[in-house]
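K.L.:
Residue numbers (this note's numbering), protein chains in the order written: chain A, 1 to 197; chain B, 1 to 310; chain C, 1 to 171.
Just to be clear, a hint being listed does not mean it is correct.
[What the hints assert, rightly or not] No more than 27 Å apart at the CA atoms, straight line, and that leaves these computed lysine-lysine pairs for DSSO-like:
hint, chain 1, residue 1, chain 2, residue 2
1, A, K145, B, K228
2, C, K161, C, K137
3, C, K4, C, K53
4, A, K106, B, K64
5, A, K164, B, K106
6, C, K161, A, K4
7, B, K32, B, K106
8, C, K19, B, K102
9, A, K106, B, K102
10, A, K160, B, K102
11, B, K62, B, K32
12, B, K106, B, K68
13, B, K102, B, K68
14, A, K106, B, K133
15, A, K15, C, K162
16, A, K106, B, K68
17, B, K64, A, K164
18, B, K104, A, K164
[Unchecked claim] A partial selection of chain B residues facing chain C, derived with a Cβ cut-off under 10 Å:
hint, residue
19, V29
20, T31
21, E54
22, A92
23, H135
24, A156
No wet-lab data here; the hints were simulated from the structure. Glycine residues also receive a C-beta, built at the ideal position from the N, C-alpha and C atoms.
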Amino acid sequence: MKEKNHDKLRDALNKLPAYDAPGSAWDAINDGLSPTLADQLPTYQPAAGVWNAISRQIEQAELAALQQTGAKQRSLPWRKLAGVAAAIALLLTIGIGLNGVDRPAKVTVAYHQEVAPAMTIHDWNTEEVSFTNALAVIEARNEPKLNALGEELVELNEAKEEIKAILVAYGEDASVIRQLAEIERDRSDIYRQIIEL
Amino acid sequence: MRVFLSIPFLLFAFSPLLDAQTSNALREVVTKTIEDTYTYRPGNELAVEGEKAEIFVETWDKQKIHVKVVMTASHPKLEQAETDLQNLHYIAEEAGQKIFLKNKLKDKTLRSQSELTVHYYITLPEECPVYLKSHFGGATISNLRNQLRINGEFSAINIDNVQGILDIRSRFGDITGERIDGNVVINSRRSDINLYDIGGTFNINAQYGELRISPNLSMRNLHINTDKSDVYIYEPLGGEGLAYDLSLNNGEVKLPVGRRVIELERTTEVRRFAIRPSKERMGTITASIAFGDLYLAKQTKELKSGITRF
Amino acid sequence: MTEKELVAACRRQDRRAQKELYDRYSRAMYTACYRICADFDLANDALQEGFLKVFQKLDTYRGESTIGAWMKVVIVRTALNKLRRHKVTQELPLNYADEEINWDTTSLDTEYLERAINQLPDGYRAVFVLIEVEGYKHQEVADMLNISVGTSKSQLFYAKKKLREFLRHYV
Numbered sequence: 001m002k003e004k005n006h007d008k009l010r011d012a013l014n015k016l017p018a019y020d021a022p023g024s025a026w027d028a029i030n031d032g033l034s035p036t037l038a039d040q041l042p043t044y045q046p047a048a049g050v051w052n053a054i055s056r057q058i059e060q061a062e063l064a065a066l067q068q069t070g071a072k073q074r075s076l077p078w079r080k081l082a083g084v085a086a087a088i089a090l091l092l093t094i095g096i097g098l099n100g101v102d103r104p105a106k107v108t109v110a111y112h113q114e115v116a117p118a119m120t121i122h123d124w125n126t127e128e129v130s131f132t133n134a135l136a137v138i139e140a141r142n143e144p145k146l147n148a149l150g151e152e153l154v155e156l157n158e159a160k161e162e163i164k165a166i167l168v169a170y171g172e173d174a175s176v177i178r179q180l181a182e183i184e185r186d187r188s189d190i191y192r193q194i195i196e197l
Numbered sequence: 001m002r003v004f005l006s007i008p009f010l011l012f013a014f015s016p017l018l019d020a021q022t023s024n025a026l027r028e029v030v031t032k033t034i035e036d037t038y039t040y041r042p043g044n045e046l047a048v049e050g051e052k053a054e055i056f057v058e059t060w061d062k063q064k065i066h067v068k069v070v071m072t073a074s075h076p077k078l079e080q081a082e083t084d085l086q087n088l089h090y091i092a093e094e095a096g097q098k099i100f101l102k103n104k105l106k107d108k109t110l111r112s113q114s115e116l117t118v119h120y121y122i123t124l125p126e127e128c129p130v131y132l133k134s135h136f137g138g139a140t141i142s143n144l145r146n147q148l149r150i151n152g153e154f155s156a157i158n159i160d161n162v163q164g165i166l167d168i169r170s171r172f173g174d175i176t177g178e179r180i181d182g183n184v185v186i187n188s189r190r191s192d193i194n195l196y197d198i199g200g201t202f203n204i205n206a207q208y209g210e211l212r213i214s215p216n217l218s219m220r221n222l223h224i225n226t227d228k229s230d231v232y233i234y235e236p237l238g239g240e241g242l243a244y245d246l247s248l249n250n251g252e253v254k255l256p257v258g259r260r261v262i263e264l265e266r267t268t269e270v271r272r273f274a275i276r277p278s279k280e281r282m283g284t285i286t287a288s289i290a291f292g293d294l295y296l297a298k299q300t301k302e303l304k305s306g307i308t309r310f
Numbered sequence: 001m002t003e004k005e006l007v008a009a010c011r012r013q014d015r016r017a018q019k020e021l022y023d024r025y026s027r028a029m030y031t032a033c034y035r036i037c038a039d040f041d042l043a044n045d046a047l048q049e050g051f052l053k054v055f056q057k058l059d060t061y062r063g064e065s066t067i068g069a070w071m072k073v074v075i076v077r078t079a080l081n082k083l084r085r086h087k088v089t090q091e092l093p094l095n096y097a098d099e100e101i102n103w104d105t106t107s108l109d110t111e112y113l114e115r116a117i118n119q120l121p122d123g124y125r126a127v128f129v130l131i132e133v134e135g136y137k138h139q140e141v142a143d144m145l146n147i148s149v150g151t152s153k154s155q156l157f158y159a160k161k162k163l164r165e166f167l168r169h170y171v
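If we strip away everything but chain A, and leave its shape as in the complex, we get (with noise of 0.2 Å):
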């Protein structure tokens, strides 16, 4: 078969258009897989009387705020037009300065529960002690091979110490640990090329 022109179909074919899944995929997808934890854990109903009395404490509030409202519309209506007036001054300015926000960000909370990753051994400070005597005898002997190596140890010592502030900073996430990881190669690396010098 010969076809000629098939750069012209190729282009054609890369135009195509993508499609977006329905919404209602991912929920059907959802409910093919297996329960979660939390879908398997039981739920506990509360007892009748702890929503009556959450409706009841709902119930005053509202009344009082009701009252406080209606005593001031009694006592100054004037300043109630003019409170108006000026939350409509309001939120035009923010309409004005809100220069391409369609509309508030939307916040959520979620709850779930995950099973716990096993718990590291912090022992990436094990060796310090032969690092800090290795950049003394460097710094003792002042020669040219040994210094580079020297700032080469230097840079991945504040690398490992940028990361052990994130451990801290952020929790211990297993990314992280392994970039340390890759750091202590790294300087084990450098720690042998200086003892072998």
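Position chains B and C relative to chain A; hints supplied.
P.N.:
Showing chains B and C alone in chain A's frame:
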């Protein structure tokens, strides 16, 4: 005597297990999601500054920028997770035509007992310029067509199907790119670079990394300058039109069998040579490598453009 | 999350990770299903069944290809199963060596092209989409459709010939 000596030994031998959790222990995860949409107008630019954040940037054909930020805190105790989550702060600001997104810790001195994560999911028009600054975490960018600037530290950078002007700086963060075309500058240190199916003009400066580069037939100019890095260049099938000017200082070179070179300089430390194209010149690759080795080989698969294969 | 971590989390039945994997790949997979089935409802079914198979079979993924490529094979096979008459029951004559197809004089407007692809008989369309759109090789297509490489090649030829004929109507 023997009994007394063995007990401390046993304690020492099994001490790692004293810290270990049982494999079935659960932890509470609190997730806070913030979603926002901005109207995109030509001239807008998006700047994201992530700290310990995974940033995903994708494109769509709507004239809007959609941002979803997911922040989580995980700890065996729910109250602790909620407390630690409150220390994560997300800021979104607009100044002129720039949209700035940023996350940081409210109190940097606070030691988190929970594992904290931040993820950005951003969808925007392909022509929107993007600037990412990432300190720990990662950035994955696809399908942009204009301008992309990345400044990463300890962040893995993944770029797929991006065209235009790219400026990437990385320290301790590997760079992986596929299907990149345009005017690209990469400066990296302590980072490996893997670039596949790339074309246009590339200027790569790297130190202490391993570079694997597979240009395609649209590569016009690839310039590599490295120090203490090994470089692997994989020539595309049909790439006989590429010319090479290669220089090594204290490094070895491995070439495909039978490849003819023109020696320009050769001493015990320095070797400089050229490879002339065997057909009409279509591009030039120059490499200057110090204290590292160069491997030149042929790609084994033909690169096809436009196919949505992963 | 890196892909490796994502796959590991999906294997642990982490629902967030499974949703993340779905979000990353659903568009490309749905589009591929639609191209094969030429029907949005069938594509939707194929996508759902395909992803369920992916999550059920994830332990068999050994990292020999990217996770996206591995998933695509699973989901594309599911889409192919949805086609009612995709199975080729007879070998077509292979004497097309002297025939020629020229795309130069054809209107390759995107909308017409998509319509024309959808009009192809199921078997032709499947081979055409897998080779020309999804980039698979004839051997891979032959394995997926349980046909010979020769049949895959001739099916592709006849698909292109038919496509060419359809598109002539839109010139």
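K.L.:
Give a verdict on every hint.
P.N.:
Evaluation of the provided hints:
no.	hint	verdict
1	K145(A) - K228(B)	holds (14 Å)
2	K161(C) - K137(C)	holds (19 Å)
3	K4(C) - K53(C)	holds (19 Å)
4	K106(A) - K64(B)	holds (16 Å)
5	K164(A) - K106(B)	holds (19 Å)
6	K161(C) - K4(A)	holds (12 Å)
7	K32(B) - K106(B)	holds (16 Å)
8	K19(C) - K102(B)	holds (25 Å)
9	K106(A) - K102(B)	holds (17 Å)
10	K160(A) - K102(B)	holds (24 Å)
11	K62(B) - K32(B)	holds (26 Å)
12	K106(B) - K68(B)	holds (20 Å)
13	K102(B) - K68(B)	holds (12 Å)
14	K106(A) - K133(B)	holds (24 Å)
15	K15(A) - K162(C)	holds (20 Å)
16	K106(A) - K68(B)	holds (9 Å)
17	K64(B) - K164(A)	violated (39 Å)
18	K104(B) - K164(A)	holds (17 Å)
19	V29	holds (9 Å)
20	T31	holds (8 Å)
21	E54	holds (6 Å)
22	A92	violated (22 Å)
23	H135	violated (18 Å)
24	A156	holds (7 Å)
Checked against the numbered hints listed earlier, the structure breaks hints 17, 22 and 23; every other hint is satisfied.
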